[in-house]
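There are 4 protein chains.
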Amino acid sequence: MAAAAAANTFYSIVAGVGAGTGRSVALRFARTYPVALLARNPENYESIVREINAAGGKAIGVSTDVSSESSVKNAFTEIEKEFKGKKLAAAVYNVGGKFIRKPFLELTKDEYEAGYTANGTGFFLFAQATLPSLLSSVPSSPHPPSLIVTGATASLRGGASMSSFASGKFALRATAQSLAREFGPQGIHVAHAIIDGVIDIPRTKEWAVNGGVEDGKISPDAIADSYWYLHTQPRSHFTQELDMRPFVEKF
Amino acid sequence: MAAAAAANTFYSIVAGVGAGTGRSVALRFARTYPVALLARNPENYESIVREINAAGGKAIGVSTDVSSESSVKNAFTEIEKEFKGKKLAAAVYNVGGKFIRKPFLELTKDEYEAGYTANGTGFFLFAQATLPSLLSSVPSSPHPPSLIVTGATASLRGGASMSSFASGKFALRATAQSLAREFGPQGIHVAHAIIDGVIDIPRTKEWAVNGGVEDGKISPDAIADSYWYLHTQPRSHFTQELDMRPFVEKF
Amino acid sequence: MAAAAAANTFYSIVAGVGAGTGRSVALRFARTYPVALLARNPENYESIVREINAAGGKAIGVSTDVSSESSVKNAFTEIEKEFKGKKLAAAVYNVGGKFIRKPFLELTKDEYEAGYTANGTGFFLFAQATLPSLLSSVPSSPHPPSLIVTGATASLRGGASMSSFASGKFALRATAQSLAREFGPQGIHVAHAIIDGVIDIPRTKEWAVNGGVEDGKISPDAIADSYWYLHTQPRSHFTQELDMRPFVEKF
Amino acid sequence: MAAAAAANTFYSIVAGVGAGTGRSVALRFARTYPVALLARNPENYESIVREINAAGGKAIGVSTDVSSESSVKNAFTEIEKEFKGKKLAAAVYNVGGKFIRKPFLELTKDEYEAGYTANGTGFFLFAQATLPSLLSSVPSSPHPPSLIVTGATASLRGGASMSSFASGKFALRATAQSLAREFGPQGIHVAHAIIDGVIDIPRTKEWAVNGGVEDGKISPDAIADSYWYLHTQPRSHFTQELDMRPFVEKF
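Chains as they are written, first to last, in my numbering: chain C, 3 to 253; chain Y, 3 to 253; chain L, 3 to 253; chain A, 3 to 253.
For reference, chain C alone in the conformation it holds in the complex (with noise of 0.2 angstroms):
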């Protein structure tokens, strides 16, 4: 199916942008399909939606908590009428949540739960949401209908002061690879990728990771193209998990 077809006829999600992994993915992903940019403060999606309808794409930013299970409705229904007559080819949970690294006997009940609600409740919203429309794709998609989730180092490692993070992020990867099992085989790809190393953003820009070194940061244009990567394998072949990291990083 050439580009433009597809354009026509799919779009695609990516919930969890910012200036960082969120925004590369949703300008590799608007290359092909229509994109809706989820995130809570509108600040976060605004210049991306700007920047990809300028280049010709198409884009919609809708501000949504993703742990709340009326904001997500809401969102979804805004989608769906702003895309009507699309159908959903790709859905990318790429939800940080606050990263909260204390003592463990410091955490407050709220920060220890801050993890699973954006990683375990959050994703668990997102997926019903969009498992049925990735299903209904399934015949025509140009590629295997997929759901791409962000995992982290703390998706397979707790540390010490990391419980409220490595909870989220093993609940969330519990959860990815459940649904790999269930919905793999109906023909969707739910794919899970570690990220492990510091993301070469604006907000990390001054931090000297890995000495300084050059390329010691991970380029988000590089996950965003692992994740295009993924999205476009045949369905004789999924990825289910895959690592990323620095030539340089410790491992």
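It is worth saying that the hints were derived from the structure and are not from the lab. Do not take every clue at face value.
Because identical chains share one entry, a pair is satisfied inside a single copy or across any pair of copies.
Said to hold, decoys possible - No more than 25 angstroms apart at the CA atoms, straight line, and that leaves these computed lysine-lysine pairs for PhoX-like:
1) K75 <-> K104
2) K83 <-> K60
3) K252 <-> K111
4) K100 <-> K111
5) K104 <-> K252
6) K89 <-> K60
7) K75 <-> K252
8) K89 <-> K252
Here the structure of chain C is known, so what remains is to put chains Y, L and A in place on it, guided by the hints.
The following block gives chains Y, L and A in isolation, referenced to the frame of chain C:
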């Protein structure tokens, strides 16, 4: 230290008791320490409390909702009153939570979150309530003060229709690992047990597991022996994780 | 760098070619680089060499026993003579070795060791022969010089009657990880691909895998696309490990 | 069964004895069973044999090169002659092999293969020699006949300069897993212990491990207690894998 001396000076806590593992663990630890049994429903601990006290041990039961901050607070106030002057030597978190196995799109938000409520929030509150006491026991405890946690096959693997339970158990494992890395160097033994199989308890009596072969289900007394073995390991040799399964279990 | 320029300056090597993955990988890399194909039996590479050269690419075949130090030495002498003045951009180790599935007590020592001979010793010799060349390409290669390795389900899991194959694939993964940690910071991309499923090749044509469903076997061309994708990742984003399986594969 | 009866009817084998873990394990198992000690160099077992026999136990030493088929065959002929009429209850494989830590490009083929020779080939020959005896003990052994294997940090993780040791330990783990899956259902307990830290033995006495803190090295007697604990687990509860590390060890 003689067992009699230990009984006068230390106590233990088991959260999540019922007819299976919790009962066996309580009985095993009660041979050495007075034990506080936590369960939401008093029916789940009353007969065990009687059984231990009748055998010359010392046990109390406290009705507790481990996912409620105030309920946990009340429970520990009561425990500390009952065991005034004693120090905590071992705390076991054996809360299973509701086991929900359902196609993902049929899950309600509450059902999805139930796994985390029991294994994430509940363990967080339990660990925050017990770690300060465990830390204060480090200098005098006959064995390294221990926080032992019950995991499952789903702690390592998300399965179709298992996202609620698996995300809770993954979160529990993440938290236990984080605590092991933070409190291990302070002398606390945090251990995570992966129970991979059906436990041989009244509720599973009729289940023809593993072809109904003898010993095809895990003996809860053997689990209790393992927890006690973990508790008595010296600090030069802490086991952080071990699995347990019947000899015939596929894995 | 344009493809034409790359072809004049760099070359690639694929060890372990035959009718399946090796052929697809060779064809994929031959679109950009001249390629040397290694197999013990010339029958395994001759038609692929012809196919590539006929299509305007450049390929040579070298009969090599990868587990023999002298045979590997001779092969690389020949390759360096053939590709004199060119630098090595990518080396793929796709040697399967004999797949032996037998009850453990029926294995001979040679049969047990066969898994390691192919995946341990063979990869050791191949890596020692290619890494110095890959290192010398770091400053000029269009993509980070890559050493890509073919793993399997048995790289992660030993199965009954699988000790020969699994011990070889585990050893291969250990070595690949060690090399990633040693040579990654020097600019080499060492990647390990876990192929979890039956590959769709002439030999498996009649196998009714996954109920005989369409796309129930892994496309070798899709594997080749993944290897090329790995090769072209920038050094700020190296994937060390990824899995690949058909959408219907149980895992 | 009383210990005295066990001593008359069963015996045990420990391969890889020296001043550390092997000695402690031999002493621990010798409390219940006569024990055959295997090491290449008689100096490694002679004093332990004397120590056990002097304490009223029964031990023999057999000089064995575990990687040589004929040497292993001779060793087991001698063991069976010495312990004629007795059955094998437990076999421990604790062969470390030469620990080689070297930049990859400086390794010779023999050095690379040394890790596998000890942990692959050696364990293969040992397992083939002991499993038939262990199987014949299933109906009568006081505890499930056990095959217990010593792993290391490098069983799970390949490190820079560690390819020889890691590939051997990975291969050992693969084989142990394969045997657990094949022989577990036949009643044999195959267990893999991950020793993650420096062991407190004469050779490491002066090493300032973990800042030189007390108990910062693993007690070999504690490892022996764990191996005995594994051996005495009932078949309804087999631990296949557990880790062991000092409380202050980073992991």
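So, going through the hints one by one against the coordinates:
In the homo-oligomer, the alpha carbons of K75 and K104 lie at most 25 angstroms apart only across protomers (22 angstroms), although the nearest pairing inside one protomer, at 33 angstroms, exceeds that limit. With identical chains, the CA atoms of K83 and K60 are at most 25 angstroms apart within one copy only, with a shortest distance of 14 angstroms there and 54 angstroms across copies. Within a single copy, K252 and K111 get their C-alpha atoms no closer than 32 angstroms, and across copies no closer than 27 angstroms, so neither meets the 25 angstroms cut-off. Taking CA atoms no more than 25 angstroms apart as the test, K100 paired with K111 passes in both settings, with 14 angstroms inside one copy and 21 angstroms between copies.
Taking the shortest Cα distances, K104 and K252 sit within 25 angstroms of each other both inside one copy (23 angstroms) and across copies (18 angstroms). For the identical chains of this complex, K89 and K60 are intra-copy neighbours only, at 15 angstroms inside a copy versus 44 angstroms across copies, given an alpha-carbon limit of 25 angstroms. In this homomeric assembly, K75 and K252 never come within 25 angstroms of each other (Cα to Cα): the closest approach is 41 angstroms inside a single copy and 33 angstroms across copies. With identical chains, the CA atoms of K89 and K252 are never at most 25 angstroms apart, being 41 angstroms at best within one copy and 28 angstroms at best between copies.
The earlier numbered hints that this structure contradicts are 3, 7, 8.
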